[in-house]
Every structure is written in structure tokens, then in C-alpha cells.
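Order-wise, the sequence lines are chains A and B.
Numbered according to our numbering, the first sequence terminates at residue 255, and the numbering increases by one at each position without gaps.
Numbered according to our numbering, the second sequence terminates at residue 506, and the numbering increases by one at each position without gaps.
Read the hints as simulated data drawn from the structure, not as lab findings.
There's no promise every hint is true.
To be verified - Residues from chain B that face chain A, not an exhaustive set, calculated with beta carbons under 7 Å:
id : residue
1  : Pro340
2  : Ser391
3  : Gly393
4  : Met394
5  : His402
6  : Ile403
7  : Gln407
What the hints assert, rightly or not - So the derived label-pair ranges between C-beta atoms look like this:
id : chain 1 : residue 1 : chain 2 : residue 2 : range
8  : A       : Gly188    : B       : Ala292    : 47 to 55 Å
9  : A       : Arg73     : B       : Thr353    : 50 to 58 Å
10 : B       : Trp281    : A       : Pro57     : 50 to 58 Å
11 : A       : Ile10     : B       : Ala312    : 33 to 41 Å
12 : A       : Gly188    : B       : Ile472    : 49 to 57 Å
13 : A       : Leu19     : B       : Leu342    : 50 to 58 Å
14 : A       : Asp146    : B       : Leu352    : 52 to 60 Å
15 : B       : Glu351    : A       : Leu79     : 47 to 55 Å
16 : A       : Leu19     : B       : Asn418    : 38 to 46 Å
17 : A       : Gly17     : B       : Gly325    : 27 to 35 Å
18 : A       : Asp192    : B       : Asn418    : 45 to 53 Å
19 : B       : Ile472    : A       : Arg18     : 51 to 59 Å
Where is the CB? At the ideal position from N, CA and C, for every residue including glycine.
For reference, the chains in residue letters:
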Amino acid sequence: MNEGPMVRVIDAHKRYGRLEVLRGVSLDVQRGEVVVLLGPSGSGKTTLLRCLNHLEPLNSGRIYVDGELVGYRERNGRLVEDREPEIARKRAAIGMVFQRFNLFPHLTALGNVTAAPVRVKKMPRKEAEEMGRRLLEKVGLAAKVDGYPSQLSGGQQQRVAIARALAMEPKLMLFDEPTSALDPELVGEVLDVMKALAKDGMTMIVVTHEMGFAREVASRAVFMDEGVIVEEGTPAQLLQDPQQERTKAFLSRIL
Amino acid sequence: MPLAIEFDFGAVQHFLFNAQIRHGAWVTIQVAVIAQALGILLGGVFALMRISRNPVARFVAGLYVWFFRGTPALLQLFILYFGLPQLINNQTFTNELTAYRAAILAFAVNEGSYMTEIVRAGILSVESGQMDAAKSLGMTQLQAMRHIVLPQALRVVVPPTGNEFIAMLKNTSLASTIGLIELLGASRLIYSVNFKFMELLATAAIWYLAFTTAFSILQAELERVLAAGERERAQTLFSRMIDLMGGRRGT
Ligand SMILES: Nc1ncnc2c1ncn2[C@@H]1O[C@H](COP(=O)(O)OP(=O)(O)OP(=O)(O)O)[C@@H](O)[C@H]1O
Ligand SMILES: [Mg+2]
């Protein structure tokens, strides 16, 4: 299972009622790659991320992470949805960071980070706390270990959220506009953590409109519109020399 | 005709701590506390069923709430105490179904229907992003519910549950109609002999007021601390409550 791409999306379709949000998305992400996902509002970026860890089921198509089908198993050539423990097991290997942080407000920063290792991996609490402290230190929050989310700034909360995801030792990290809910002066501290993570070799898919980050860190930029991938290339190519009209129109609006 | 008010204050004083009344008060507390606790448990289970994806579970829970919220508690008590023994017609069942047990059972099931709605509202008050985050970390639905959603729902659930308990304390008096010697039952027993109606009713009222007042003070204090500051203070009490519920026991 250690051969091939980290992520392979094959002709993914997703509908909400009659609205078709993903209309045949195919995408490979290599190990250690950082892919930036761009696209106008409503183009299906969040939906694609949520399908990648099966927070949303697909209507058709397949998603493999590290060679394993996500959310389904194959039986006589047909896909059958996994049972919950199996879905949860596969999800545990995929970290997700949300636009609105979604920290657990009733737990401290350390509690947020240790919750899943203790409950899911059954890691002894002491061990989990040692690891949690290490991770919080790594994201620059050694002093905020015992702080509750309501006592932290947005940037600090998002860094806790990243540490929380890392605590499950994921092979893949998904970021859904991790800095767009932040005051401008707090964006840098979160991007710095993400850059360090990329440097460590983490495979990442990042929905963001931070072009500086895309240029500096990403190996590839993918532009989505109306549920399909319109164009992809290196960040430099895509940002400076887009080929498709829709890409040009979008970039002229945000750059 | 001269207006004559006859009220024997001495009798109230005398009966306030009468052994029968004290025993009745004790029965009232027992029935209320046990029935409320069972009601909370039932409410938790049926609330989970009401929001579950399983249509059968949703239907059963909906039916439960519909029936037990839609008919009088007194009627439910009579069905259980008089109706069921006729239906089941089994001597052991009839013997085992004492007024005390029937009261606890009937009030618990009735209370469960209200608690279902309260717990459901509490769960729905927790942002869906919390469930998403918990699941994305590899928790199952049940783990996420228990460790992430329910502790947060608690904040919303505690105040109305306090009100429910106060209602419960008073509604236990309905059980005097099936011969349970709780607080009101004990007063009725005594005034049926000495005809001092008003004095014994006043005695019972004093006890009920003492209970409800004491609990109201407790409830207000609890809510004050829960609401205080939104920050550290509330959080620590909150964490302590979760500790008490066993939510943080090691691994
Ligand atoms: N749970 C849902 N039920 C119904 N429609 C939904 C749901 N989630 C998303 N949609 C719709 O799907 C479409 C794509 O949404 P999605 O959130 O994936 O877009 P996005 O590219 O992330 O946009 P944004 O940049 O605004 O975050 C939108 O039209 C949205 O309204
Ligand atoms: Mg989005």
C-alpha cells in the first residue's frame, strides 16, 4: 500500500438533492505533494474535501487514500458503503482543518489535542498528554496548553486545530480555507505552521486564496469551477499564465 | 350570620413534624428523585432515537413522545395501576405492582417524553461542525456524541431539567389517588380522621414549598455558575460536572 499516489479520485460525482455539486472530478495527489485548490464560491471545493474523508458519501466514482477505498468496499465489482467503525478507522488517517476551527469548546487546548488519541487510539492519558504538549509546542502554543478555545485568538485556535489533527498521525491533511476566518495579522502564524508541515513531507490538499502560500509551498495548483477541475499546473503556470477563460476570469477577480 | 374563621395553628405546628407526614415527605422525595432520574435516562435514549438516521427508531420515539406528552399523567398512572393488571391478569404481576412502584414507573415514563424533547433540543443546539470535527478525528457517531456533543448539550439541558424536577416534586401528589401515602396522601389520611382539612392541607403545602424553594435556590446557583463569564469559571464547573458523570475516567 505504499506504492502509487497518496490520493486518487476517480470520476467523483456528488449531488445534494437535484443540485450536482461534483460533476466528475478526477485527481491524483502524490506522496509529499502539496496541492492548492482554487475556485469561486460554490464550485465544490469544500464538498470535495468532505468526500475525501467520507464526511459526505459520493453518488458515484471512487476515492482512494493510500491505496484504500474511502468509505466503501468492493464486492463483486460493486461498491458497498463501509460500516461505521471501518469508516471511522479510515478517517482517522486523514486530518482535517476547518474554516471555522471547530475546536471543542468544553476542552482545553491540550484536551482538544488528546481527545482523539485517548478515545480512538486508546492511548494512555499520560502518553497522550506528553504528545499533546509536544505538538502544541510545535505549533508555538506551549504557553496555552491549559487555555480554553474561548480564551484563544483565532490564529491560536486554528493552530490548536492543526495540532489536534496531527495528534492522530495522519498520512494526509485537508485544509478548508484555514485562514479565511482570521484577521489579516493572524494569517501569517497559521501559514507558517502549514509551511513547516509541508517541509516535513506531509501530503496536503489546501483550499485557500493565499496566493503567496500557493507560490511558495504548493507543488501544484488546481482550479475548480462548477463541480469540475478546469485547469491545473504548477502554481507559477496557473497563476501567471492561465489557459482557460474561466481561470483567467477568476484570477483577475482575486489577484 | 357572623363570619367564623376556624383555623387551628396549633394543629399545623403539631402535624408539621408528625411521623406520618415526615414519612410521606420522604416518599415524595424518593418518588420524585427516582422518577426524574429514570426520566432523564429515557429522555437521553429516546432523544438519540429521534435524531437517528434509522426511520424505525425515529418513528418509535415520535410515537412515545406523542402518546405520553399528549395524555394526562394521571390517566397514565391509572392505566398502569388499574388497567394493566386487568389486561395481564397475573397474580404475581398484580402483587408486585405496588402503588409506590407504579407511581415511580408512570412518572418516569411520562417525564421521559418531556426529557426527550429537552435533550433533543440540547443536542441540536450544538453546531454540526463539532460532530464533523469529531468524526474527522476518527470518532464513531457514538463516541462523538458521548465525548463531544452531549457534554456541550448539557449546558442547554440543565435549566429546563431543573424546572421539570420542580414540576415532578408537585406531580407526585397525583399518586395519592392510587393510595400511595406520600405527602398529600399522608395529610389526607389524617384529615379523614380528624376533619382538620385546612390545617393538614397547609401542612402539606409548607412541605412542598420547602422542597421547591430549596431546589430553586440550588438551581439558580447552578445556572449562575454555568452562565458566569462564559470563560474559565463556567468551564471549570462544567468540566467538574463531566468528571462527576464519569466522562474523564482515564482511558
Ligand atoms: N449540505 C448541503 N446541502 C445542500 N447543498 C449544499 C450542501 N453543502 C453544499 N451545498 C451546495 O453545494 C455547492 C458547493 O458547495 P461547496 O461548499 O462545496 O462550495 P465551495 O467551493 O467550498 O464554496 P466556498 O468558496 O463558498 O466555500 C453550493 O452551491 C452549496 O450551496
Ligand atoms: Mg467552502
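Earlier hints that do not hold, by number: 1
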